[in-house]
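Undergrad: Work the whole structure out from these sequences, hints included.
Residue numbers (our numbering), protein chains in the order written: chain A, 31 to 437; chain B, 571 to 1537; chain C, 8 to 96.
One thing to keep in mind: the hints can contain errors.
[What the hints assert, rightly or not] Computed list of lysine to aspartate or glutamate pairs in EDC-like fashion (alpha-carbon distance at most 20 Å, straight line):
id, chain 1, residue 1, chain 2, residue 2
1, B, Lys1420, B, Glu1321
2, A, Lys204, A, Asp129
3, B, Lys1425, C, Asp42
4, B, Lys1222, C, Asp37
It should be emphasised that the hints constitute simulated quantities derived from the structure, not laboratory data.
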Amino acid sequence: MAADSNTSHEPGRLWRNPEPKSSYDVVIVGAGGHGLATAYYLARNHGVTDVAVLERGWLAGGNMARNTTIIRSNYLLDPSAALYDHALRLWEELAEELDYEFHFSQCGVLNLAHTEQEVRDARRRAFANELNGVDAEWLTPEEIAEVCPILDTSPRLRYPVLGATYQPRGGVAKHDLVAWALARECDAMGVDFIQNCEVTGFTTSGDRVTGVRTSRGTIGAGGVGLAAAGRTSLLTDTLGISLPLQSHPLQAMATEILEPVHPCVVMSNHVHVYTSQAHKGELVLGAGIDAYNGYAQRGSVHVIENQLAAAVELFPIFGRAHLLRTWAGTVDVTPDASPIIGPTPYENLYVNCGWGTGGFKATPGAGWVFAHTIATGAPHPLNEPYGMERFTTGALIDEHGAAAVAH
Amino acid sequence: MTSSPNPHRLNASVRSGRIDRARAIDCTVDGRRVRGHPGDTLASALLACGITEVGPSIHRGRARGVFTADCTEPNALVQRLDGCPEPMLPATELEIYEGLEVRTLSGVGWLSGQRDTAGYDKKFVRSDVVVVGAGPAGLAASLVAARGGARVMLIDQHRELGGTLPDGQAHVSGHPATEWVGRAARELAENENVRILTRSVALGCYDHNYLLVAERRAEHLPVWRSSGPRQRLWHVRAGQVVLATGAHERPLVFADNDRPGVMLASAVRSYVNRYAVLPGREGVVFTTSDSAYATALDLLSCGARVPAIVDTRAEPPARLVEQVRAAGAQVYPGSVVTAATGEPGVTGVRIAGLDGNGSLTGTPVEVGCDLLAVSGGWNPAVQLFAQSGGTVRWDPVVAGFVPDSPGGRSARVVGAARGTYDLAGCLAQGFAAGAEAATVAGFRVAPPAVPQVDGDRPVGRPRPVWAVPDESRPRRECTEHFVDLQRDATVADVHAATETGMRSVQHVKRYTTVSTGVEQGKSSGVNTIGVLAETLAASSPGEVGTTTFRPPYTPVPLALFAGRTRGPLYDPVRTTPMHTRHEQAGAVFEDVGQWKRARYYPKNGEDMETAVLRECAAARTGVALQDVSTLGRIEVVGSDAPVFLDRVYTNKFSNLPVGKARYGVMCGADGMVLDDGVSLRLAEDRYLMSTTTGGAAKVLDWLEEWLQTEWPKLDVYCTSVTEQWAAVAVVGPDSRTVVGRLAPELDVSAEGFGFMRFAETVLRNGVPARVARVSFSGELAFEVNVARWYGQALWDAAMEAGRDLGITPYGTETMHVLRAEKGFVIVGQDTDGTVTPLDLGMNWAVSRSKDFIGKRSLSRPEMLRADRKHLVGLLPVDGHSLLPEGAHLVDQRAPRRPPVPMLGHVTSSYRSAALGRTFALGLVSGGRERVGEVLRAPVGGTDIEVEVTTPVFYDEEGVRRDGAAQG
Amino acid sequence: MLLIRCPWCGDRDEVEFRYGGQADVDYPADPERLDDTAWGNYLFVRANPLGTLTERWVHTAGCRRWFSVVRDTATNEMSPDIPSRRESR
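TA: In structure tokens form, the structure reads like this:
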């Protein structure tokens, strides 16, 4: 498919740094991946270009800059599979559409099972994927060894690998470049990125949100979309909206640059390790979230220690690789580990939050449906199940409880 | 050519160096033999041999040389080949040993499949005062704190104490500073409260004064000489932390500043004084501050020529100028090196004037040299401080980022790490901080007087230059002005980043990849910030700010973090007292939580299916035996125990008579099934609760949480007694006979010992036991519980008692089949955290008359839907197809192509000996209304037709549990 | 690795504890009287402040006692909770 970008870019430029206008049709809070994708699809799908994306720090500097870039869509539940696979299909065209090489590599994702129950759960997920049209295979240890020879599939392990689901279409992308690609296109279509502009609250008229208060003054808005991840509830708290969100540190780490050795993405929920090798050559490893709430963007070292022990247990070859850098983001987690995307009790205010550890992979999909929600005032069919009312009715999308698979 | 293997080694009469010249060490670099001495690093040995060039650069393949003498090295990165190969080691930090073999790298290392047999271990310690860095400030702090009586830990990354003192020529109290270091080291070593860790890097400083330290214990030794762990990871909780982490010298950015022969001025000093190596015979010094004058003097005192000292400052301190002039050097004040010339190695420099606005003036002059010592100023090593939550600010006087706020709770930063570069100042700050830290930690001590020191007190303010202007090209074309040698990133790259619209240093870092190499910005960071500040016309580097400092301080192998937590020690293995009997019986085990449970006992090469059919048949027709010691057991005791259990379980336990047992289900507050099990009422105020094997710890936590945080007034105590008991389930029509033999004092008759009763007795072998008539198979069954000690004796006695009846040990797989035939669920297999007791058809166990945890959740709209998934039985229509567990069920008329609407899934599926067919349990939408319907299970391209049934397949009347079938 | 002060055992490393989230969220006296929204809030909504949070921990690898502390979620500075209101009830 030819790139359908009909905008022209100033050579070398990614974005302007405009002064904020006094008001916009739509204000997006948070210039992370989701905020950028939302702005992009507002313009591309809905023709809404009078848009400002406000960012308290630097563009794509939050979780977008800190995640382990894993992309997959092999989720168990129908609403999850639909949303994430929509995202994956968008990923498959996005680089060409944006005319920007962001190293989207469909190197495949293995989700390991280490106990009989994990085998049952994983196969259940793979069967469901098949019926939902999501590519997924169940691999035996021997087949896993063919996909990822450096993984120790021997019975020597304390928790031997009993099998894995494999999604060949899954993979990784270079997060920064994804953000820049989206930002460049948005900018060319007229979207204003306002960095170093912290939103502190809202202006309202009755039950209607009319704008945002920021560190750079008040900005009026026809619609406001929150894409602020870990800080979402700080904003909704100012309006008395109770969101079931808890913000936790999530840590990740990378090694030095190494010759290619790791051909795919490997995730093990049982021992909490997520590994891949980036385009540049670093091994990138992710851990589970820290147990306590926190906004410090740093976590506890035992989390990393446990995670590296798991990595070396699974990949003995990693033993002499060097830990070069560790870091942490702040992720907003919901009780059912699924996002909240939809309207709020306030007119013109929409939330896209609660992605927990799984937001990056959904970037284009989240942007697509959130843009639809903001532009039309009603959820897209794909995010209809993701409204906040599910915590009242009990209609949770409990990937956590059902599949016991972290994102 | 000289025949000496070390043509650049200084004669001992000129510099003794801290090497052992009596012994030679041969190592191999890129196949070439390199000779050095104990005390040499690989880099100093290379330079001693006259090898200045290392691997070419990562992207542009440009020649590069040893650039530093410390952990900021961007070029001389090597892959160790001897022993287990290891990538990306800085030659400047690598101590040589006999047999060391390396290959130089171009910014990319590799991993080998070779097994790493080295050991890594960990140590967890507390310390009153931890001092990081054993330079003058750190030594001073340690001395004082130790004198006060505090437990002190002194951590330094080098082989020797003293920081940079051995690199220089300073004097303390009239003697060489190294003598003061020696005395300090002895005093500390003799104090039993002091632990000195050399070759140890403080990797990170975390919340609440928690430090992680990597100690290299055997890395500097040949494999054949090392015993014990190769590295050790120290976990240190400090009362007080003193950071004396020093400073890193900044490079300078000018055209072709990456040529071999360009080297940090401080590194030149280090090679000359510490290693007795002269890196060049004609050394130009290019500096922005006072410190590099000492480099010039060192070079001159070794017989090298210093044709030029190029100082950015128009008026360098007169004393320094006079000193170097007297020694024979020419000073170019207010000047810069615009370019290094020569290829690949430097053969000269071009020098031009620099006016007050930072523009070049005059006609450049060329000066020949084979060494260019550069000093762009110093970066205080604030990494640990910033990691622990401290913020930094730009200090224009020291021209560096310095600590702004106290880091963490109480980290004190002293010496060069806070921009103090004179020896007297470092000692004074060290003494003061050590005294303060010890005093706060409870060991009152006063700082001593600072001894007389001579030497290099900086007097002039530095004049940093972030990028020397090119003689002809604008910034955007400065493609040979390198800001990050390791990443091959240039001034042009930084400029290009700003042209995209980027303003943040974080963006520029990511765009250019500056500071993402092994040095993590220690040398490249501030220059980049400076260049960026100029490009953006910011007032100072402080306005741009730094990127975030993150652990670890220097790279460490992942294996060190794993330590001994590998293989069998990755997680504790829990086994029952009968475990060896299972092993002897050839059991195949499965992991259930941390437990190893026997899954089945294959005989004569049976596969699992055959073994399980045999075990099941034994349980249904004869007698079989399972080790159920892993079930969680919690004693719930107290006058309010009945009330408490009524609140915890969905069904009632207050009305359970003493001496009887009851099955119970508990839910989370969300109404979803949490765990289940049988509880015995031992006395009015005492229950013995059983939990699932995997749920034991979770349930105890759950009970405690409610007791302590919601109902603290209830008189209830919970105690885990899982480890106090061992138990076997004796199952089958012949179980009564076996248990009768086992427990002769017990009336095991149907009348004398009813279902769901239990009794205390003494077994024939004299072991006290509690026997319960509970059944998870529907078959007549007894659970015999004894004290843990007697577990194996119980197993042996039961096997003996049933030998003539063919008693058959069975594992978890058979247990699963037997219970599934009766429709008994396994929490976690037939439920998944989204299933209520009502979904399971357990209305009989859900009390309407009382509240229980989770009850309110069951009346939420979603829980009342008719299409909720219900537990049902599933019978493959053909009678022999085995449904894969996890397979989904779809309507007969459902489309064949995705998305195919799914009605539910198979949770358990087996072949049944008793039924003579395959069967399954599953959760199906509106399942109870679908009984009799035929659904499809699409499985790998084929469909299995299944009939929905009620979930009880065997002995629906429930007569077998009393052994009726036998009669 | 936070250093957490157990009121009964003293200062211990975080790995000895389990986190219990926001403190003082009482189990409703009569759950049946709550509407679905109120019950949903009880189940799922907890404070998530940037700044001080009174939170629960349980010393699982020690005395197994629950207790509350006040922690700053931005800096992880911790201080003891005010004497528990529960005990005075």
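Undergrad: Are the Cα atoms of Lys1425 (chain B) and Asp42 (chain C) separated by 20 Å or less?
TA: Judged against 20 Å, a Cα distance of about 13 Å means the pair holds.
Undergrad: Below or equal to 20 Å on CA atoms is what counts here, so check Lys1222 (chain B) against Asp37 (chain C).
TA: holds, 19 Å
Undergrad: For the pair supplied as a hint, Lys204 (chain A) and Asp129 (chain A), is the alpha-carbon distance within the 20 Å limit?
TA: With Cα atoms ~15 Å apart, Lys204 (chain A) and Asp129 (chain A) stay inside 20 Å; holds.
Undergrad: Are the Cα atoms of Lys1420 (chain B) and Glu1321 (chain B) separated by 20 Å or less?
TA: violated, 33 Å
Checked against the numbered hints given earlier, this structure breaks only hint 1.
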